[in-house]
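Residue numbers (numbering that gives the first Met the number 0), protein chains in the order written: chain U, 0 to 274; chain W, 0 to 209; chain Y, 0 to 571.
Mixed in with the good hints, there may be bad ones.
[Said to hold, decoys possible] Sample of chain U residues at the chain Y side, in silico, Cβ under 10 Å: (1) P85; (2) N198; (3) P239.
No wet-lab data here; the hints were simulated from the structure.
Cβ coordinates follow ideal geometry from the N, Cα and C atoms, glycine included.
Now for the letters of each chain:
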Amino acid sequence: MSAILSYVERDSVIHKMTGTTKLFFFLFWSIAAMITYDTRVLVGMFLLGCVFFKISKLKWSEISFALIFMFTLMAINIIGIYVFAPEQGVEIYGTRHVLTELFWKYSITTEQLFYMFNFLMKYMAVIPVALLFIMTTNPSEFAASMNKIGISYRVGYAVAIALRYIPDVQRDYREISQAQQARGISLGKEEKTLDRIKNSAAILFPLVLSSIQRIETISNAMELRGFGKHKKRTWIMERPMVKRDYIGITLGAVVMIISITMMFVNGGRYFNPFI
Amino acid sequence: MKNSVYLTVYVRLYANTKNYIGGVDMNNKNQLSIKSIVAIGIGAALFFVLGRFVAIPSPVPNTTINIQYGILGVFSIIYGPVVGILTGFIGHTLIDLSWGSPWWSWIIASGVFGLIAGLAKKNINIESGNFGGKQIAAFNIFQVLGHVAAWVVVAPVLDILIYNEPVEKLFAQGAFAAVSNSISTAIVGTIILVAYAKTRTKEGSLNKEN
Amino acid sequence: MKEPMIVFENFGYKYRSQAEPTVTDINLTIRKGERVIIVGPSGCGKSTLAHCLNGLNPFSYPGEIMGSLKICGHETKEMGIFGLSKYVGTVLQDTDGQFIGMTVLEDIAFAMENDLVEHEELKKRTLAEAKKVHLLEKIDAAPHALSGGQKQRVSLAGVLVNRVPILLFDEPLANLDPASGKEAMELIDEIQKETDTTVVIIEHRLEDALHMGADRIVLMQEGKIVCDATPSQLFATDMLEKAGIREPLYITALKYAGVELTADMPLQRIQELTLSDKQKEKVREWFYQEQWTLPKAEEKQLLSVENISFGYVEKTYNLYDVNFQVFEGEMTSIVGKNGAGKSTLAKLLCGFEKQNKGIIRLRGKDITEDNIKERAKTIGYVMQNPNQMISKPMIFEEVALSLEVAHVPKEEIQERVYKALKICGLYEFRNWPISALSYGQKKRVTIASILVQNPKVLILDEPTAGQDFRHYTEIMEFLKELNRQGITVLMITHDMHLMLEYTNRCLVFSDGHLISDTTPVELFTDKDLLEKANLKETSLFELANMCGLPPKEYIDKFIVYDRNLRSGKEEA
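Extracted from the complex, chain U is given alone in its bound form:
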């Protein structure tokens, strides 16, 4: 099993906030980062995110593998952007300051570097807050929080069921695939690509059948215990909102408002230092 990000219990003010607060905050923050391309806002958000991370008492070693993964992905993205559109920055900012000419249509311009830096910052601005959301929110609170921000409790409970049964599904997958490997069914490189995909179906079929069986049992169990009886339901994992929660939500909202405001100030999503 490869490493995976999940809830880490610690004693910090961010942990103490309710799931609802963190969900709101995370949504505001994501929207803010998606809307703006203003370098100053993005850098500010990134730095602020790092401060929050520090406050949460999470450790670097707990996230390093995830960061390595995300940086690899971003590097591929950045390279892809340059390969396909070396002049994207020039197009956006409307000026062209060439640093060096390379070959064919490729040259390095300040505008392109700045655009790619901004692109990077758009991710960097979200990552610390996303990590915080995942690692400081007890999964048991997810469903209640989603319900609280206005999503139907039925959808919230679907998420809860997914989280509850991931370990069971994973164990099933592992056991089925081991038993099938003993029959010579392989997903490894020694098989041709099409055979690999075909072979995977031999593992997935029993997995799907047992999942359908499981869906049957779980829905019976839920129905017998009155799920869906009322338009609402209560949640034992829901915690009352206190002052720090309102502060948190306000802060998230303020960041979003700044991001939107800057759009009008700049007359667009971009902060353009070239004119």
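Given the coordinates of chain U, assemble chains W and Y onto it according to the supplied hints.
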């Protein structure tokens, strides 16, 4: 100015998705049934496990085959488009969160695939055990349409709106994803649905042979 | 007479998808505070009846109700599933499927959350129920950190929160080991006494279910009630045997000895049983009859496990320094609590995981470095649930799969598949879809799909879990026949009957150590060992004591007699 137009479109799109997810229950009398809720949950768990832990190497170096879309296609046919969209959306969100940060454009695209693949349910009554040439064709037409809509339309458009990434890159990326996902969904989904349909048939005339 | 809680009157139920009703002519009244066990072979309609009680029929599985079923005076067809849940609390068989919450706390609270119980009271009542089922210290535990028995207690607490007057248990013992099963029955007993709840238990492990005592046993066959009597009345007849339900072992033993059983004897539990001197004498007479012995197996070493240690995580071992040999032609059980290391051992033997230390030899040859595929040619593994192994819709395709992926020529595939199907008694079904087969037949398909690779050893994980007596016998007699044809059989099991009736050797695991390599008789007369393996004493032990006979020899005699009787029956 161009950008603010993008923004409104984007906000509207975003709001629509949100509203839809939250609104199945409120705006609509036919709420999600308990079985659909559970199917979404278990389907998302499957999607997550397959997408996160099962790496089948593909012929292109450093890439893997996404067999989770095959399963999503199967769930969409068995349980319908609403289960499809939510399973894709939730399953993909969980995968991204487990890596650290959600890529909303691709998450929404996964939901769109589940939705469109599920539209084929109208032409396929899998529970009757009838899954022959016509139904196989229907499933594959819709799943290919789903992948094209998801990876060549929805994901790139959202990426342009959010990140202003270059169009060429996005469409090259999207086309690759659409082709490879369509192939794996065609193989995995078809094999499983054919086998599943056979488990639904009530055989009336089985004779022992010597 | 107390007030009636459940009244079936000329009741029947027909599923919409079926032409014939599944249950018919049901007339049954169950009163307040009664404990009723419903038994019957698979497919007799007992689950359908249970689903009618809790409302899954007709509200989830549509169908037609004939006659009338009143619960606490209300006609069920007018109530709906939520209405019924106020009166009937159901604990299902599948301990994982019904554990919906992410923790014990959430799962117990689930029903109250749906009932809009507000926060303070919600918490208070949840904790109170957790205390009732002795799980307060596990309140934040996730399901995978709990044993099967604990998960079931959570489910029980989860329905107790509704303060229902009727508790319905659908095969509560199917997934539990004997010791946990005993605890479960004791807890139900305790709660029933405290609240005067009406308890209905659907179960075929009758002796274990009777541990808490029952007022009545209802025997069902082919959709009808064929007997509704006290345990003593029922045990005095041969109706259970005829219906294919296993009687308690001490009842069988008394019948073997020719002791005449009558309805006025307290037969329902060995603890309550008193025998007259004359009856005891009969048991002794039977014991001192001519001794039969079992043929001894030839001791030719097949597998040798030497100093094996293994851990999934570094430095924490799941198995420590395990040593044992398996001899050709053996039929051996591997026993121990959940998490004792049994499954891990099977995985190491099959090459699914690789040991950190130690060697595995097959006929003296070191096979430690062989991969899964190579191992499978000598050691076959059969999973507990056949549905998890079957990946093709048709029988022939399924059995041929391993040969097809190995690109064996077509003619050879057909020959080998036919041979395996013949051994498994499935040849005449070879072109059938697997979905048309019974559970026991599916199990045989999975075994055939392993046999086609010609393994010397078969490892089976809980081959009979959850099966009724008829399917149990069908599966075990089949395995015995395979064994007779030269295949060595290892079985991971909790089933005490299986150990006693079919195996000559038990490997007992506890906390990753092989703590005993012994015979079933030795095991069942060793209290300490039984406790470590989460097993319990057999009632034969007490019967022997009661009659002043040496338990070990008595149990031994019983096993030999019983096996001879079976093989005699089989030949006849």
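Hints, verified against the model:
no., hint, verdict
1, P85, "violated, 48 Å"
2, N198, "holds, 7 Å"
3, P239, "holds, 8 Å"
Hint compliance for this structure: hint 1 alone is broken.
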